Amino acid sequence: MKTKRNILPGFGISTGFTMTYMSLVVLIPLSAVFLKAASVDWSQFWTTITAPRLMASYRLTLGTSFISACLNAMFGLLVAWVLARYEFPLKRIVDALVDLPFALPTAVAGIALTAIYSQNGWFGRYLEPIGIKVAFTPLGIVVALMFVGLPFVVRNVQPVLEDLDKEIEEAARSLGATRWQTFRLVIVPTILPALLTGFALAFARGLGEYGSVVFISGNLPNTQITSLLINTKLEQYDSAGATAIAVVMLVISFALLLGINLLQARTRRFQEAV
Amino acid sequence: MESSQQRARAHSENPIVRYLLIGSALLFLAFFLVTPLLTVFIEAFDKGWDAYRAAIVEPDALSSIYLSLMAVAIAVPVNTLFGVAAAWSITKFDFIGKNILVTLVDIPFAVSPIISGLIFVLMFGAQGWIGPWLAEHDIRIIFAVPGIILATMFVTVPFVARELIPHMQAQGREEEEAALVLGATGLQTFFRVTLPNIRWSLMYGIILCTARAMGEFGAVAVVSGHIRGQTNTIPLHVEILYNEYNFVGAFAVASLLTLMAIVTLALKKIVEWKISE
Chain A
1 MKTKRNILPG FGISTGFTMT YMSLVVLIPL SAVFLKAASV DWSQFWTTIT
51 APRLMASYRL TLGTSFISAC LNAMFGLLVA WVLARYEFPL KRIVDALVDL
101 PFALPTAVAG IALTAIYSQN GWFGRYLEPI GIKVAFTPLG IVVALMFVGL
151 PFVVRNVQPV LEDLDKEIEE AARSLGATRW QTFRLVIVPT ILPALLTGFA
201 LAFARGLGEY GSVVFISGNL PNTQITSLLI NTKLEQYDSA GATAIAVVML
251 VISFALLLGI NLLQARTRRF QEAV
Chain B
275 MESSQQRARA HSENPIVRYL LIGSALLFLA FFLVTPLLTV FIEAFDKGWD
325 AYRAAIVEPD ALSSIYLSLM AVAIAVPVNT LFGVAAAWSI TKFDFIGKNI
375 LVTLVDIPFA VSPIISGLIF VLMFGAQGWI GPWLAEHDIR IIFAVPGIIL
425 ATMFVTVPFV ARELIPHMQA QGREEEEAAL VLGATGLQTF FRVTLPNIRW
475 SLMYGIILCT ARAMGEFGAV AVVSGHIRGQ TNTIPLHVEI LYNEYNFVGA
525 FAVASLLTLM AIVTLALKKI VEWKISE
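Protein sequences, first through last, are from chains A and B. Residue numbers for the first sequence follow the numbering used here, beginning at 1 and rising by one. Residue numbers for the second sequence follow the numbering used here, beginning at 275 and rising by one.
What the hints contain is simulated information worked out from the structure, not anything from laboratory work. Computed from a prediction, not measured in an experiment: that's the story for all the values here. Hints may contain errors.
[Unchecked claim] Now the in silico label distances, taken between C-beta atoms and shown as ranges:
#, chain 1, residue 1, chain 2, residue 2, range
1, B, Asp-320, A, Val-188, 45 to 51 Å
2, A, Val-188, B, Pro-289, 18 to 24 Å
3, B, Gln-443, A, Glu-87, 29 to 35 Å
4, B, Leu-461, A, Tyr-86, 46 to 52 Å
5, A, Tyr-237, B, Arg-466, 51 to 57 Å
6, B, Ile-544, A, Gly-218, 36 to 42 Å
7, A, Pro-129, B, Gly-499, 37 to 43 Å
8, A, Thr-178, B, Ser-550, 33 to 39 Å
Glycine residues also receive a C-beta, built at the ideal position from the N, C-alpha and C atoms.
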């Protein structure tokens, strides 16, 4: 059958407005980065983005984002499991609280975490005497990124756990599987795409995160993340240098965005198939 | 026949494991989410109510609140309009490049806040595309209010569209088609059929958009120039106070943003409950 004629009005105006607005506010400004980068001499571009200070910042940014995303995948799964499966007092409030990192401005999270983990803070005062320094170290960056990334994992995994057909687990049990075997062989494979999506989103967020990190990292030579170095270059009026680093970050972010979209499409197909 | 007890055991753990899991999840959340929340208020009231009040009614703080509200007052309505238009176009029509458009809408989420600020410096800054022209005509965008508003608009582009698109996709086109066949005009169809259906997800998108517009830090920090009392939004004012070791002041002003976050979470729950009804 040929697609029937669409009688709904407003195609021209809504699509036109959408495209124009996207172009003016998002696409043209973003293309400024690439055009500016194209005007920079290639060897100078390469020297800027491979400077030792920057290489250290890539390692730090990727490393802390990866570790915090892994920890979030673990703890996020735990939180999602408990929220999806069990009843306990104040559950609704706990459930609402999980979204706090989405709603709380990053600068506020940054100063609060720094206050908690600095030398005289609630946790810092007990951690520093036993040799664990959190504030103004890479560990502090991991803590900040765990804070901002947690809801991505929980909110991706929780609905899948809630939709999981109880009969599949009953079948596994009646076929003689232990509870642990059921979890490992039946539940984990089902939630894996959602867990991976949550992990990737938390990781991507970590790469670009700025507000919550700058306070707890303290801008020391060994705690400078890549976003911070872009800002430093800009403050020195080196917009060519800032642009070169921005291009590196944008390429990584867009590659991740593409990967996440593919992963989400897979998750959706998987859920529809089940 | 299996007893109901056995059935329950098939998809639940024994009580000890269950309590251990609940306990560790709550402990984790208490350490990672509740303590930062409490810290803000405890630090803010460290020197008592008078110091708290003084930090908030001080002129620089008030002007930062005013500027943040202004950025919200412009960015949120514009992005709401965009969100509705984008969702209408994407969910009610089929056209080539539609999937690309859906991905493009999400771009501001994938870009680091610092880069979101950088792009406007590259366009409107002193060495930027139209920087020299702007300087000639004495128009200031970067290190001035327009830059802050533009950066806020950029980072909040996806919020409303993202909430509306999946919801309107699920709703399909039949109801609108029926209204049109029965003789309603396009606008009548939108306001009497579409809008009542999407009002809660629209509300939800606006709430999230507002929270982000009030709280944006990185992008705004790049374009603001940190001129006290002139180009400081609330989060930037918090940063300045904090870097001056005025912790009571910083946390007092931060507590306003924290209250906003708590209200956002409460509204979100109410809206979710309305949607599920």
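Status of the hints after comparison with the structure:
Between Asp-320(B) and Val-188(A) the beta carbon distance is about 46 Å. The supplied range of 45 to 51 Å therefore holds. Remark: the range hint 18 to 24 Å for Val-188(A) to Pro-289(B) is upheld by a beta-carbon distance near 23 Å. Remark: the range hint 29 to 35 Å for Gln-443(B) to Glu-87(A) is upheld by a beta-carbon distance near 33 Å. Leu-461(B) and Tyr-86(A) have their C-beta atoms about 49 Å apart, which keeps the hinted 46 to 52 Å range intact.
The hinted range of 51 to 57 Å is satisfied by Tyr-237(A) and Arg-466(B), whose Cβ atoms lie roughly 55 Å apart. Hint check: Ile-544(B) to Gly-218(A), Cβ distance near 39 Å, so the stated range 36 to 42 Å holds. In this structure the supplied range 37 to 43 Å holds for Pro-129(A) paired with Gly-499(B), their Cβ-Cβ distance being about 42 Å. Between Thr-178(A) and Ser-550(B) the beta carbons are some 35 Å apart, a value that agrees with the proposed interval 33 to 39 Å.
Consistency note: the structure conflicts with none of the earlier hints.
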